[in-house]
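Chain B: place on chain A using the hints.
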Amino acid sequence: MEKYETHTHDVIVIGAGGAGLRAAIESSAQGASTALICKSLLGKAHTVMAEGGVAAALANVDTKDNWETHFKDTMKGGKMLNNWQMALYHAKEAPERVRELEYWGALFDRTKEGRINQRAFGGHTWKRLAHVGDRTGLEMIRTLQEKGIHSGIDVYMECTITHLIKDGDRVVGAFGYWRESGKFVLFRANAIVLATGGVGKAYKYTSNSWEYTGDGHAMAYEAGAELIDMEFIQFHPTGMVWPPSVRGILVTEAVRGEGGILTNSEGERFMERYDPERMELSTRDVVARSIYTEVEQGRGSPHGGAFLDVSHRGADYVRRKLPSMYHQFMEFADIDITKGPMEVFPTTHYVMGGVKVEGDTCSSTVPGLFAAGEVAGGMHGANRLGGNSLSDLLVFGKRAGEGAAAYASGKSHASVSAELIEGYANELREPFNNTQGENPYTIHQDLQDVMQLYIGVFRTEENIQKGIDEIEKLKERARTLKIEGSVMFNPGWHLCRDLKSMLIVSEALARCALARKESRGAHSRVDFPESDDGTWGKLNSIVAIKDGAMDFATRPIMEMPEEFSRMFTEDK
Amino acid sequence: MSVAKLRVFRGDSQGGEEKEYEVPVDEGMVVLDALFYIQANYDGDLAIRWNCKAAKCGSCSTEINGKPRLACKTRMDSFEEGETVTVYPIKAFPVIKDLVTDVSWNYEVSKKIPPFTPAEDTEWIMYQEDVERGQEFRKCIECFMCQNVCHILRDHNRKDAFAGPRFMIKIAEREMHPLDVLDRREFAREEAGVGFCNITKCCTEVCPEDIHITDNGIIPLKERVVDKYYDPLSWLLRKIKGK
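Just so you know, the sequences run in chain order A and B.
Counting in the working numbering, the first sequence runs from 1 upward without gaps.
Counting in the working numbering, the second sequence runs from 573 upward without gaps.
In isolation and in its complexed conformation, chain A is listed as follows:
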């Protein structure tokens, strides 16, 4: 077979957004030889797009805040389906992880007393989100990137990992290609951290960047790992609606955090009917359903959304606190948000489901394989609170880095079978060799239509089943792909493997959505509109590969010890 490079490390981290960077920093700090591998250039990962803030009970603004309240908010937001241990670690450790960013050079917005400022967000009892205007993600990724490049990590940019390699039960390496040259590359490692982010590119309208094709979910699944609660995909209530080319781009929740008001075509502040107490700052699942329902019932804005208006806060304030939103609407939609409302509609934003991990070290059900950030599941349960993702990736990025370094310590590298590598290489080159086959771009568009239509904000058994049938057809079509050009930086070729990942996660999403016969958090079944706490509220959905096919099972949720469960009954 053609020649390929081999690199050997103790730990490899796949994905260089917040979670991957934080994991690599920690792994390296533990003394492990660490590789950080990313599909894009360093610093371009999806974290860059996070806007509103990072949730941590610093209590700088609302002094009554503490980890207990953050823990309770997170569990309630997740409709108690969360891995409580992860939610606990998250609430306890987030403040230190945020302060640590400041020690590494981050410049958060300040309070009058000179401390990190915090803003209100949906589902959070207190003002809890540390932020930098509406570009918090950029600040975080730059800070971590800076820390990372001075931490002795080997960074491999524009390198796509396509296969995890196992020796017996445990993972021992990863195979992939350089995007630039198209040449293959093998990484040998004793522990692997997946930090590949989400799956939004399976949908037509999404706030996610191109990298969000579910690679980590798919590779973990193929390596035998369990995926948990994949039916829970968050539709962010406020994506742009118009013009068509920007449909789905995120409108930060900070607009509502800073006092933005939602109205329908009749000028009615409709959140009064759906959640009169929390109004616009209800949880994302509720606000998304509310906007969807208003439009469905004929009270939508001209382009089929709701109106979101923050102009009453004054032009200077809006430009200072929401600068990217101001520019985004000005430049893409010719709308001045300091003068009038935006039009918004739900957009695919975040997958709560993911690789099943345990909270201590983020290890998956496959030895040596760890996962952190969006690719991991459990932490957010049925619905994620805004701001809890950036804190998640810091807390569990660190834990995964520690866990992976400890696991790798003292292990020797396993040999990798040459036949296996050759098989992967042949599989990847196939679209160049096929004399006829489908265009990957066409199948991708068709998949996006299917997911948008059948596995959306509201679901029915009939629709989900149709979705599954369509996904099966697409899988069949995707077996034979054909592309043009050379192996050098060839986006059509890159899409072939990304498509395979998206088809796996789409199927997982649909199968879990079909099975869960209740409505909970982001999973809304029109045919089962109520939550079934007695049955489904006590079960996680699990998918795993079995004899080459996707197998669905349920597993009892992790039981919360009395000392914590008491916190919830006391409230009632």
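Where hints are given, some of them may not hold.
Capping the alpha-carbon separation at 25 Å, the derived lysine-lysine pairs in DSS-like fashion look like this [to be verified]:
| # | chain 1 | residue 1 | chain 2 | residue 2 |
| --- | --- | --- | --- | --- |
| 1 | A | Lys112 | B | Lys711 |
| 2 | B | Lys591 | A | Lys339 |
| 3 | B | Lys773 | B | Lys639 |
| 4 | B | Lys591 | A | Lys482 |
| 5 | B | Lys591 | B | Lys645 |
| 6 | A | Lys204 | B | Lys645 |
| 7 | A | Lys166 | A | Lys411 |
| 8 | B | Lys639 | B | Lys577 |
| 9 | A | Lys112 | A | Lys64 |
| 10 | A | Lys546 | A | Lys204 |
| 11 | A | Lys546 | A | Lys475 |
| 12 | A | Lys546 | A | Lys183 |
Treat the hints as calculated values from the structure; they're not laboratory data.
Here is chain B on its own, set in the frame of chain A:
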């Protein structure tokens, strides 16, 4: 729906040529959408870097009708009806393929800049007015368009001597961080070559984040360097102390 003509550079480090495409134009469409259309319908292997398509990641820098622009931010309706739109890779860096260039040099420079260094016993109190300077520079999305238009890099290719505007503001940001204690003036002069900049402000003009690179970053940095090296009193002290 109207149809636009695009002439896109197709080629690699060995050379290449323009290829013409016709693309239907939808309302609000941007140049990056047109390139996607080309990928999906004509040439699946057309290479372009992009990530967010929302002007937040700085990946899709190209030269559109000769001007450095983010392809995701350049609307098709900003051109005249019937105007042909040319799309080229940014010129200051070597072409890899089509619209993708080798920007790895920037990452090497970045790594050389001494990191943020707080004092051991720092109390982490900073006021909004003190962090705003740094926050402006930290808006940078690393699109490298400032590097692309800087004539020291673009026309004279002095990448050996000058770090370029992106990294001048990175040094400036560290220097102006309220809690940083390191002195990077020697680095700015000797390693980064701040003296090469002759303030033509081309970088500021192309910045998609409207960072005042020259006025708020490079000029103050030059002043700090001047204070250290050319202030007569410091000069005398250096002479006496033999440093």
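Would you mind confirming whether the straight-line C-alpha gap from A:Lys112 to B:Lys711 stays at or under 25 Å?
The given pair, whose Cα atoms are some 22 Å apart, holds under the 25 Å limit.
Pairwise hint evaluation, A:Lys475 against A:Lys546, where the allowed Cα distance is 25 Å at most:
Holds. A:Lys546 to A:Lys475 sits at ~17 Å (cutoff 25 Å).
Would the hint linking A:Lys546 and A:Lys183 be met if the CA-CA limit is 25 Å?
32 Å, violated
Hint check: B:Lys639 vs B:Lys577, CA-CA at most 25 Å. Holds or violated?
Since the Cα atoms of B:Lys639 and B:Lys577 sit roughly 17 Å apart, the hinted pair holds (cutoff 25 Å).
Is the hinted pair A:Lys112 and A:Lys64 satisfied, with a Cα-Cα distance of at most 25 Å?
18 Å, holds
Between B:Lys591 and A:Lys482, is the straight-line Cα distance small enough, at 25 Å or below?
22 Å, holds
CA of A:Lys166 to CA of A:Lys411, is that 25 Å or under?
14 Å, holds
Run the distance test for A:Lys546 versus A:Lys204: straight-line Cα separation, threshold 25 Å.
Answer violated: A:Lys546 to A:Lys204 is near 30 Å, above 25 Å.
Hinted pair, alpha-carbon criterion (25 Å max): B:Lys591, B:Lys645. Please report holds or violated.
Distance of about 22 Å is within 25 Å: holds.
Holds or violated: A:Lys204 and B:Lys645, Cα atoms, limit 25 Å.
Satisfied, since the Cα-Cα distance of roughly 20 Å is no more than 25 Å.
If you draw a straight line from the CA of B:Lys773 to the CA of B:Lys639, is it 25 Å or shorter?
Holds, because 15 Å separates the two Cα atoms, which is no more than 25 Å.
Given pair status - A:Lys339, B:Lys591, alpha carbons within 25 Å
43 Å, violated
Of the numbered hints listed earlier, those contradicted by the structure are 2, 10, 12.
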